[in-house]
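If you read the sequences in order, they're chains L and Y.
All the letters of the first sequence, read from the start, carry residue numbers 1 to 377 under this note's numbering.
All the letters of the second sequence, read from the start, carry residue numbers 1 to 94 under this note's numbering.
If you're looking for bench data, these hints aren't it; they were derived computationally from the structure.
C-beta: ideal position from N, C-alpha, C; glycine also.
Incorrect hints may have been included.
[Claimed, not checked] Quick list of simulated restraints, FRET-style, between CB atoms:
1. V63/Y - G204/L: 45 to 53 Å
2. A79/Y - T213/L: 54 to 62 Å
3. Q203/L - S66/Y: 50 to 58 Å
4. D363/L - W28/Y: 53 to 61 Å
5. R80/Y - T246/L: 51 to 59 Å
6. L27/Y - G112/L: 53 to 61 Å
7. L84/Y - T246/L: 28 to 36 Å
8. P86/L - L84/Y: 38 to 46 Å
9. V85/Y - R273/L: 51 to 59 Å
10. R61/Y - A106/L: 40 to 48 Å
11. L329/L - S66/Y: 28 to 36 Å
[Unchecked claim] Reference listing, derived: stretches of chain Y covered by chain L, where coverage requires no fewer than 3 residues with Cβ under 8 Å from a Cβ of chain L:
12. 46 to 56
13. 69 to 82
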Amino acid sequence: MVMLYLDHAATAQPRAPEVASAMTAALAAANPGRSGHQASLDAARIVFRARAALAGHFGVEDPRRVVFTSGCTAAINTVLFGILRPGDRVVTTAMEHNAVARPLRALEAGRGVTVEVIGTDAEGRVDSEAFGRAATGAALAVVNHVSNVSGTIQDLAGLRDATLGVPLLVDAAQGAGHLPFDVDGLGIDYLAVSGHKGLRGPQGIGVLVLSPTAPLPEPLIHGGTGSRSEQDVQPGFLPDIYEAGTQNLPGIAGLAAALAVFEETGYAARRIREEEISLRFLEGLRALPRVRVLGPAEPRDRVAVFGLDLDGLDPGTAALRLEREHGILGRAGLQCAPWAHRALGTFPGGTLRLSFGPENGTDAVDAALTALGDICR
Amino acid sequence: MMAQILVVLPSIHDILAVEDRVRAAGLWVDVLPKPTAIATDCGMVLGCRSRDLPAYLRHIRDVGLSPVAVYRVLADGYARVESLVVEPEPSASP
Numbered sequence: 001m002v003m004l005y006l007d008h009a010a011t012a013q014p015r016a017p018e019v020a021s022a023m024t025a026a027l028a029a030a031n032p033g034r035s036g037h038q039a040s041l042d043a044a045r046i047v048f049r050a051r052a053a054l055a056g057h058f059g060v061e062d063p064r065r066v067v068f069t070s071g072c073t074a075a076i077n078t079v080l081f082g083i084l085r086p087g088d089r090v091v092t093t094a095m096e097h098n099a100v101a102r103p104l105r106a107l108e109a110g111r112g113v114t115v116e117v118i119g120t121d122a123e124g125r126v127d128s129e130a131f132g133r134a135a136t137g138a139a140l141a142v143v144n145h146v147s148n149v150s151g152t153i154q155d156l157a158g159l160r161d162a163t164l165g166v167p168l169l170v171d172a173a174q175g176a177g178h179l180p181f182d183v184d185g186l187g188i189d190y191l192a193v194s195g196h197k198g199l200r201g202p203q204g205i206g207v208l209v210l211s212p213t214a215p216l217p218e219p220l221i222h223g224g225t226g227s228r229s230e231q232d233v234q235p236g237f238l239p240d241i242y243e244a245g246t247q248n249l250p251g252i253a254g255l256a257a258a259l260a261v262f263e264e265t266g267y268a269a270r271r272i273r274e275e276e277i278s279l280r281f282l283e284g285l286r287a288l289p290r291v292r293v294l295g296p297a298e299p300r301d302r303v304a305v306f307g308l309d310l311d312g313l314d315p316g317t318a319a320l321r322l323e324r325e326h327g328i329l330g331r332a333g334l335q336c337a338p339w340a341h342r343a344l345g346t347f348p349g350g351t352l353r354l355s356f357g358p359e360n361g362t363d364a365v366d367a368a369l370t371a372l373g374d375i376c377r
Numbered sequence: 001m002m003a004q005i006l007v008v009l010p011s012i013h014d015i016l017a018v019e020d021r022v023r024a025a026g027l028w029v030d031v032l033p034k035p036t037a038i039a040t041d042c043g044m045v046l047g048c049r050s051r052d053l054p055a056y057l058r059h060i061r062d063v064g065l066s067p068v069a070v071y072r073v074l075a076d077g078y079a080r081v082e083s084l085v086v087e088p089e090p091s092a093s094p
């Protein structure tokens, strides 16, 4: 049985061969920028060029505002724990992943931060005006750009306009690699990005992008940066302030290679294809009366991440049958986003999630529909 | 060629950013470990020729930076350059 991977929202598969090649080469490199020899400089240049490429990709003029992290969750934690102080109020949405929900609950319990969660419509969209009203006077606003549960795309421009004057953190774990970002143009203060999902890089690497006007979070990790070594305090300048310890050079090299491959195609062509896939899958699902699809009915309002409520059929059982009987790999349960499932009425049981990638064509859509038709009979 | 001037910048990222620019402009550059006798920095310095220093300073300014310090290399040590003159933008017309 041929396996069909439909779990791209969890991590991209397959990655381009260039990613592994770049990572393998980086394993032979020296510590980036820590020593004066050419090998160290060569390693530092890998980091430098990756940072510059990511800055260009996300619409950031100054590459120093691109900070490497261990992933999107680490980027989000850097902002939340580095900005929010006792007595602060933070406004966020009901569609957040645990990468946001858990640190916020920890800050609520540990620092007395007030967390205000704004609800959504039936398709998971947040009303910009309501969000903006709630955010007035808040220390921070936090928005999930694209839901890993329903594929819902939020109106980032509208949310930004509605929250002017309030620092805005965008969780772009699912959006990056699906939709283009113009961080400087949109005025996003903090953009947290995963390297291994839409950008199709390796796991264990992510990025925090900061706007020129964003308040600098207090660093969570202090230590060696290769700079200001005579001082026993963390350097206050970017990117060193947030990059204590030896950088993940293989991860950075792999992400840069993935980005180079990504940019051969670019967003426009990928987006057209994604909407075609979504349209075909949504139309096919309408013929399966036992299946309720979470999220927007219009392909333009979503990415190709589909949460499926199977009318009483346990999502775990459904996922198992898809794998064992049809060779289709999806993900069952809450997908680390219980808030979103509560908002969409699928808590605590969760859903079966199928998420398509750029390599998946109409044959993958049809295979998934056939398999779903079988298990939902 | 040996560097006649050492330029100290905050981070290795800044060093490499300026290195890229000055190389693209056709200027000679070397990236060197920082001598222990000179100021605080990222552990590396940019080495350049004396005559290129004003152009270097312009490129540094153009990437939004200021040098932490600039030193002239002497036979027996280093002398800090206190007066830094930035070269004007190249004119588009002759």
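Hints and how they fare:
1. V63/Y - G204/L: 45 to 53 Å: Taking Cβ atoms as reference, V63/Y and G204/L lie about 30 Å apart, which means the hint is violated.
2. A79/Y - T213/L: 54 to 62 Å: Since the Cβ atoms of A79/Y and T213/L sit about 39 Å apart, the hinted range of 54 to 62 Å is violated.
3. Q203/L - S66/Y: 50 to 58 Å: 38 Å, violated
4. D363/L - W28/Y: 53 to 61 Å: 57 Å, holds
5. R80/Y - T246/L: 51 to 59 Å: 32 Å, violated
6. L27/Y - G112/L: 53 to 61 Å: The hinted range 53 to 61 Å holds for L27/Y and G112/L, with Cβ atoms some 55 Å apart.
7. L84/Y - T246/L: 28 to 36 Å: This hint holds: roughly 34 Å between Cβ atoms.
8. P86/L - L84/Y: 38 to 46 Å: 44 Å, holds
9. V85/Y - R273/L: 51 to 59 Å: Holds - the Cβ-Cβ distance for V85/Y and R273/L, about 55 Å, lies within 51 to 59 Å.
10. R61/Y - A106/L: 40 to 48 Å: With a Cβ separation near 43 Å, R61/Y and A106/L satisfy 40 to 48 Å, so the hint holds.
11. L329/L - S66/Y: 28 to 36 Å: Since L329/L and S66/Y have Cβ atoms about 53 Å apart, the given range 28 to 36 Å is violated.
12. 46 to 56: Result for this restraint: violated, n = 0.
13. 69 to 82: With 0 residues closer than 8 Å to chain L, the stretch 69 to 82 of chain Y misses the three-residue bar; violated.
Of the numbered hints stated above, those contradicted by the structure are hints 1, 2, 3, 5, 11, 12, 13, listed in ascending order.
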